[in-house]
Every structure is written in C-alpha cells, then in structure tokens.
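Trainee: Position chain Y against the provided structure of chain H, taking the given hints into account.
Number of protein chains: 2
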Amino acid sequence: MLDELGDWRKTHYTKDITPELVDREIILGGWVRNYRNLGGLKFISLQDKYGERQITLKRGVVSDDVFDNTKFGYQYCIMVRGIVKAFNEAPGGIEIIPSEIKLLNKTPDKLPIDMTGETVSELDLRLNHRALDLRSLKNQAIVEIRGELLRAIRKFLFKRDFTEITTPKIIGSATEGGTELFPIIYFEKEAFLTQSAQLYKEQLSGVYEKVFEISDCFRAEKSRTKRHLCEIFTLDVEMAFVTMKDVLELLEELVYNAIKDIRENKMGALKYLEMENKTVVPEVSFPRYKYEEIIELINNKNGFNLEFGEDIPTEAYRRLGDELSGYYYITHWPMSIKPFYIMASKNPKYSESFDLQKGMLELTSGGTRVHNKEQLMKALEEKGLNPLSFKSHLTAYDYGMPPHAGLGLGIDRWVSIICGLDDIREAVMYPRTPDRLTP
Amino acid sequence: MLDELGDWRKTHYTKDITPELVDREIILGGWVRNYRNLGGLKFISLQDKYGERQITLKRGVVSDDVFDNTKFGYQYCIMVRGIVKAFNEAPGGIEIIPSEIKLLNKTPDKLPIDMTGETVSELDLRLNHRALDLRSLKNQAIVEIRGELLRAIRKFLFKRDFTEITTPKIIGSATEGGTELFPIIYFEKEAFLTQSAQLYKEQLSGVYEKVFEISDCFRAEKSRTKRHLCEIFTLDVEMAFVTMKDVLELLEELVYNAIKDIRENKMGALKYLEMENKTVVPEVSFPRYKYEEIIELINNKNGFNLEFGEDIPTEAYRRLGDELSGYYYITHWPMSIKPFYIMASKNPKYSESFDLQKGMLELTSGGTRVHNKEQLMKALEEKGLNPLSFKSHLTAYDYGMPPHAGLGLGIDRWVSIICGLDDIREAVMYPRTPDRLTP
Chain H
269 MLDELGDWRK
279 THYTKDITPE
289 LVDREIILGG
299 WVRNYRNLGG
309 LKFISLQDKY
319 GERQITLKRG
329 VVSDDVFDNT
339 KFGYQYCIMV
349 RGIVKAFNEA
359 PGGIEIIPSE
369 IKLLNKTPDK
379 LPIDMTGETV
389 SELDLRLNHR
399 ALDLRSLKNQ
409 AIVEIRGELL
419 RAIRKFLFKR
429 DFTEITTPKI
439 IGSATEGGTE
449 LFPIIYFEKE
459 AFLTQSAQLY
469 KEQLSGVYEK
479 VFEISDCFRA
489 EKSRTKRHLC
499 EIFTLDVEMA
509 FVTMKDVLEL
519 LEELVYNAIK
529 DIRENKMGAL
539 KYLEMENKTV
549 VPEVSFPRYK
559 YEEIIELINN
569 KNGFNLEFGE
579 DIPTEAYRRL
589 GDELSGYYYI
599 THWPMSIKPF
609 YIMASKNPKY
619 SESFDLQKGM
629 LELTSGGTRV
639 HNKEQLMKAL
649 EEKGLNPLSF
659 KSHLTAYDYG
669 MPPHAGLGLG
679 IDRWVSIICG
689 LDDIREAVMY
699 PRTPDRLTP
Chain Y
269 MLDELGDWRK
279 THYTKDITPE
289 LVDREIILGG
299 WVRNYRNLGG
309 LKFISLQDKY
319 GERQITLKRG
329 VVSDDVFDNT
339 KFGYQYCIMV
349 RGIVKAFNEA
359 PGGIEIIPSE
369 IKLLNKTPDK
379 LPIDMTGETV
389 SELDLRLNHR
399 ALDLRSLKNQ
409 AIVEIRGELL
419 RAIRKFLFKR
429 DFTEITTPKI
439 IGSATEGGTE
449 LFPIIYFEKE
459 AFLTQSAQLY
469 KEQLSGVYEK
479 VFEISDCFRA
489 EKSRTKRHLC
499 EIFTLDVEMA
509 FVTMKDVLEL
519 LEELVYNAIK
529 DIRENKMGAL
539 KYLEMENKTV
549 VPEVSFPRYK
559 YEEIIELINN
569 KNGFNLEFGE
579 DIPTEAYRRL
589 GDELSGYYYI
599 THWPMSIKPF
609 YIMASKNPKY
619 SESFDLQKGM
629 LELTSGGTRV
639 HNKEQLMKAL
649 EEKGLNPLSF
659 KSHLTAYDYG
669 MPPHAGLGLG
679 IDRWVSIICG
689 LDDIREAVMY
699 PRTPDRLTP
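Protein chains in written order, with our numbering: chain H, 269 to 707; chain Y, 269 to 707.
In short, the hints are calculated from the structure, not lab data. Here the structure is a predicted model, which means the values were calculated and not measured. Certain hints may be false.
As the list makes no split between identical chains, a pair holds if one copy fits it or if it spans any two.
[Unchecked claim] DMTMM-like mimics (lysine to aspartate or glutamate), calculated; alpha carbons at most 25 Å apart, straight line:
1. 528 / 429
2. 310 / 489
3. 651 / 560
4. 457 / 489
5. 659 / 392
6. 659 / 382
7. 427 / 529
8. 278 / 429
9. 457 / 484
10. 278 / 520
11. 546 / 690
12. 457 / 691
13. 617 / 271
14. 370 / 272
15. 558 / 590
16. 423 / 529
17. 374 / 642
18. 528 / 377
19. 427 / 514
20. 659 / 390
21. 370 / 336
22. 406 / 544
Next comes chain H alone, as it looks inside the complex:
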C-alpha cells in the first residue's frame, strides 16, 4: 500500500542539511539509493536532486512502527520526516532520525540496471531505462555540467550585446542542398526539419547585429559512430560588421569563460567524472594552423598522403589529436569543400573559414560569409545549387545585408569533451540515433 503525499512538503534538499540544522525537524524527499539492515539497526541512503543523506533507524530510538513497517527497496520513492543529528561516522557527519516515513512509489525487486554505483550497465540498456539511469551520480554530474555550460554561454553572450534569436525548425525548402534532411509532411506540402540555423541567423545579423541561438538541429546521417546524433543541440552565433578574425577572438573568450565558470561552480561534478585535471581553463589565444599546415603535419608525421582539397578523414584526425591535444584552430580551408555562403580569401583557392578543434574532435565550424547578393548567387551556381530554391533567403540580401561572420558549435560534443565521455549519447538526456527513437 502506497502513501499519499497529503500535506507533506519537502523542507530542504539534502545539500541544505548543514550542522546548523542539528536538532531541527525537517522533511526530505527522494529515492532510496542504498540500504542496509543490520538487525537492530537499519540505514537508508536517501538521494535527491543534489546528493544524499543517511537516514538511521535504530530500534528503541525510532518508533516500533517506523522500525518494523518501513519498506526497503532500491529507488523506492520516499519522504522522511525526522530530526537532524550530528554523527561523525555518517557521510557528511550528519544523520536523520526519522519520526515518520512515507512510501510514495515502489520498484520491482530487481532493477534493470544497477543503481548503487557498484557496476556500470551497458549504455544501450541504460538508455532503454533512461528515466531511471539519469538518477545515477555520473549522470547527475553530466547534467550539472551541461546546465552550467548553457548558463555560462548565455551569460557570456548577453554581456557582449548578443540577442537570443528563435528560428523555425520546420523549413520549406532543402537549403544548403542537404541530402541529410528529414522530410516532414506539412499539411499537403513537403517540408523539412532544419539542419542548422545558418540562413536565418545570417538574415538576423542584418537586424540585431550580434545574434545567437541554442536549439535543436536535425541530421539524417546514417553514421553509427560514437560522435554523431540525429538530433543535436547547437549553439549558433552570427555577428555583423566583422570578419572571421573577430569570431576567432570571440570564440576563444567564450571557451575560456565557459570552462572557468564550470570549474568555479561545478568542481564537484568535474571531480566525480575525474576530469578536474583534464578540463582546465585553456590559455588564449588558441594556436592557429592553416589547413595546409595541418595537411603537412598529418602527411609528415603519420604516413598519410592527403592532398589539398581533401577533407580530413577520421583516422587522420585521430593522429592529429595525438599531436595537438588542446583547443586549436584550423583556418583557410579549401574553398572547394566549403558551403556556398563562405567567403573566399584573397587567393580564391582558400576560404575565410575555420574549425575549432579539441584534440581529434571538431567542435565548431565558422567563417566570414558572403554578404553581396550577386556573389552569393554566383556561389550557389558554382556549388550546383538552384538560386530559385533560395529565393526567399536571397531577398534578405536586397535590403542592406551587412558584412558578417559566425560560427556553429555542437553543444553535445562539447559536453562530451568537458565530461570526458566516450559516447556522445551520454551527453544528452534522450539521444536520437538512426536506431533509437525511444524513450
């Protein structure tokens, strides 16, 4: 029989139970992370959003009713009314002596995944039971860091006069010529899920000058790697009246400040993930390599034979990551492998574009954009795209589009890097891959 919530309300989170509260009555709520029954003595470790506290049931100290009738089970949802006591041998030096315990919801005798922290279940199994799995201390740490990262990004950009934009996820035509778009049936019309906020953020740089969006993008890529998702969370930034050079400087500062904030506010989570010595505030400015230098580095040291104009294959990035482990830029990519909206350098073989790398992983792409309509139409044609499909977008270039530059950054990938995760699916609450649509 389950108890009703009734008029009980939590008075504190576990983290708020400090020595000043000794001898005070409190109400905690959460889940049974662990329990032990030593005959005349029973312990419950109650876990909530912020941590855990020990509930101690000693025969004779608590009522017989509480001692005999309290049900135990992993992840049972309970509330505890009790008195805070100092007790050196309890974790954190504090225990709760309960006067009453409510059992709000139960679990089966055997949980599908281990929640005590003793063993780690396989990721796919964990994802199948994600609402349970997310209660693990590792996942709590990841989510704390992800949250802090998003807060840090917003804080940084608002301070620098950025406007947060919200652009549509449903788009009318296959922009960027993508074959990696999910089609939607939009009433009787064909439409697609947006692949990036690229064109909209460019338009809006002509209104708000400095804009950003943090939102979902969708990629119908069938790649089943540990680095790709079909639904990704992306930071998009665009700035008017600047070039790539300014974006490189902004991004360095953003990375610097975000990691500084995470270290300042979430060191406990970093430590739990054993990343406190790896996720360190990077020195700015970041090393800058031209694409040709990187190609040379790969070819010389690693026995590759890459030619100008080739994209860098994963295996080469892996070797590159052995040489360059920190944050670094690769700039001046060949124009031939960049999208139509990227500006050419003075030597049109090169483009005013960059990637921000962290070791082997690409975290960001960006560059100076074309802001002249005729140039943009020419670029579309050169890429084999039909300017007619971009009619509505091109219209924006008739009305005083400023010079602009920007970047796109994969939040999930950055969370993976900061948290030292092996698989990007761990960075997301409910990941979407070609094989995973639930939960």
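Mentor: Just chain Y now, with coordinates in the frame of chain H:
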C-alpha cells in the same frame, strides 16, 4: 560601387553615444532609417540594434568628398567615422559630424514595405520580407520584450532550484493520442514531431524534481486564427513532491516577477508599444474560479447555455474576457475533457487541473499528474488509448515515480499579451502557419 569593411570596426552602439563622448572620434554602423537633403545640409538617421543617431553633413564642415559622394537610400547599410558633437536640436541632443562614410550594401529605390514608420504595411507582406521588417522600431520593441521575458523566466526558475532539461523533438509514437501531429520519415520508420514535452518532463521530474524546458513544439492544427501557430515556443514546468496547489503559487510568482523585470528593464519598449499602463505588475494571488463557477458566470451574464463537461467556446471566452480582464485561474475542469495524465479530484467528476487565463486568452494549462502506474494504465484505457503505445513511457513509472504536478505555457501568446499584439505571428521572428513555410 560598394565599400569593403576592411579594418573598420564599430566603436560604439548608438545608445552608447553619450555627452561624455563629445569631441571624440567614433565609428558607428547600421542602416539608414531616414534622410533629408536640404541643399547645403544633409541629415542621415543611422539606426542600429539599439536606436538611432543623427549624422549631419554640412557643406564646408564635412569634406567635399563626403558631402558630394555619400549615397543615400532607405536601409542602406553604412558605417560612419566621425566626431560626436552636442547639438540641442538633434534627437538626443547629439549629432555626428562624419569624416568618412562607407557604403557596405544598397537597397532598391523602392522598398516593399515602409520602413520610416510613417505607414504600417499589411502583416502578410511584412512577413514576406521579414528580415527587413524586423528592423522596424515596433519589432525591435517586441523582440526586446520577448528576450527579457525569456531571461526573466530562466532567472526565476534557476533561483528556485529548477533544472533546465532538453527533451527530444522527434518522437517514436503518437503520444497523447494526437491527431495534430506532423509525421516525419525517420530513415525507414514513421516518427512524429513532438506536440509537447509532457511525457518527458514528467519522467524527468522523477530525476531532477523541479524541471523546465523552453523549446519548440509542433501542432498540425489547421486553424487559421490570430491566436494559433504550427510551431510554438513553450515553457514546460514540472515539479515533484507537490500538487497543483503548489504549481498555482509558483506560476503566480513567475508571472509577477517576469512582468516586474520587463517593466524595470524594458519600459522604453513597453512605452513604444503603448502598453505601459496595460502591462502592469499583477497582484498576487490571482483570482481562482472553479470551472463550474465560470460556466455559471458565462451562462448567467451572457445568454449562453453551456453544460458541465463542455469545453468553453471561443465566443464564450471573449465574453468572459469582458468580465475578467486580468490574470485568473480556472480550476477543477471536468475529468472527461482532460488528458489521461491528469489526476482526478476526490470527486472523480472533477480533475486536479487548471488554466491560467489573461482576459479571454488561455495562457497556461496544468495540473496534478497521475504517478501510479496502474492508475495511469486505467486512465489510458478510459481515454481509448492503447497502453502498448506508451510502453516506454510507462516503464518510467516502475522506478519510483514521485507525485508531481506541472504546467505548460505558450511563450508566443504571452508575448502577444504583454506587447498588446493583435496577431500572434507578430510575436515570432519567423512564424509557421498552415499557409506559411517561408521565409
């Protein structure tokens, strides 16, 4: 011939040009909002992200080159290097005497919509040229308020220990039994765009206790009213270990604080929209009416003949708005018209549910949820839904789901209310309706 950006960078925004800068050289960038040519004297009103400043070209004072060769046109994108001068007759008491002007991008002689503020073009035409239209002072004011609202909501919820969640937009099955879902082709499988974060936020209340999300939801509703969009921006909130009563209190405080922040930080924008006397900080707590009282009020005063169990038709809401113009709650809706996840009251004819109204408009729906798995399965069956389609969601209820309650709030509609907009499409940068997929 257009100028290159080169090494010019803006030194200030228009808002930063204060009397302390008199006699200093500055660089501004933006768009020509208006211009006048009085022979020996020319004025340009340069508009940027934050406002406008007068650029004064007087023959003999500026160089002949600047005076004779500066091109004029509405919404031309320009940068101006010049000296700040005090001049009482200029707007804000300041004018800029230019030493050099760059023309970065031009516009056609005739713009498709009026940008001087003299006339207001029809909304559909404005939406067709949205990147231009958003530069209007009215739209600047709306976007400022929308931005402040989002900041205020996050600030409020973070202070109260909420975790910001990010839930998937692509879902595997037609939850909530909706006929209003957009189908997607997800590789070879059928999938849908999410209609709300409802089920995910409920699951996550069992992990983070207090959660919120601000994100896109998708409704394939063919209604062509001024109050509906197909892609909506929604605030979802869910709290564990509480009931509807606590949610009502939280939401009152949220509304109170958000409007307080907007009035404190964006009074200029409110005044521009002539809403400074209408969008006032509401008194809490809000009036609370039971559904049955509202039905009675409508029937008595307005000649309707609504019966218990009926949804309230738009026309009745309109009349209701004449009686009750502020924020108020309608609680205890008939169980029969509420979704399966809503908890019944002690008398199961009623539900533990509420709407928050502002006048005639429904802004929020919420309530206490069912947290017991058997009850939830029974509720699904009673609503004619197949528990098998909810298999993955129901699993979460096996693992200690806490009692929980929450709300969903339409951000776009709230922006409309705060800004006094007649049409919800004005509250969104790029609205999506059954007829509009571009820009």
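Trainee: If the cut is 25 Å between Cα atoms, do residue 659 and residue 382 qualify within a copy, between copies, both or neither?
Mentor: between (55 Å within a copy, 21 Å between copies)
Trainee: Since the copies are identical, ignore which copy is meant and state whether residue 617 and residue 271 lie within 25 Å (CA to CA) inside a copy, between copies, both or neither.
Mentor: For residue 617 and residue 271, only the inter-copy Cα distance (23 Å) is at most 25 Å; the intra-copy one is 72 Å.
Trainee: Could you place residue 427 and residue 514 in one of the four classes (within, between, both, neither) given a Cα distance threshold of 25 Å?
Mentor: within (16 Å within a copy, 34 Å between copies)
Trainee: With identical chains treated as interchangeable, where does the CA-CA distance between residue 278 and residue 520 reach 25 Å or less: within a copy, between copies, both, or neither?
Mentor: between (43 Å within a copy, 20 Å between copies)
Trainee: Treating 25 Å as the Cα threshold, decide for residue 457 and residue 484: within, between, both or neither.
Mentor: Answer is both: 22 Å inside a copy and 20 Å across each meet the 25 Å cutoff.
Trainee: For residue 423 vs residue 529, is the C-alpha pair at or below 25 Å within one copy, between two copies, both, or neither?
Mentor: both (10 Å within a copy, 17 Å between copies)
Trainee: 25 Å Cα cut-off: does residue 528 pair with residue 377 within a copy, between copies, both or neither?
Mentor: Close neither inside one copy (43 Å) nor across copies (50 Å); limit 25 Å.
Trainee: For the identical chains here, do residue 528 and residue 429 meet the 25 Å Cα criterion within one copy, between copies, both, or neither?
Mentor: Intra 20 Å, inter 22 Å, cutoff 25 Å: intra and inter.
Trainee: Please sort residue 427 with residue 529 into within, between, both or neither, judging by C-alpha distance up to 25 Å.
Mentor: both (14 Å within a copy, 17 Å between copies)
Trainee: Tell me, please, which holds for residue 370 and residue 272 at an alpha-carbon limit of 25 Å: within, between, both or neither?
Mentor: within (8 Å within a copy, 71 Å between copies)
Trainee: Reference check for the pair residue 651 and residue 560, CA-CA at most 25 Å: within, between, both, or neither?
Mentor: within (22 Å within a copy, 63 Å between copies)
Trainee: My question is about residue 406 and residue 544: at a cut-off of 25 Å on alpha-carbon distance, are they close within one copy, between copies, both, or neither?
Mentor: Intra 14 Å, inter 48 Å, cutoff 25 Å: intra-copy only.
The structure is inconsistent with the numbered hints 2, 18, although it conforms to all the rest.
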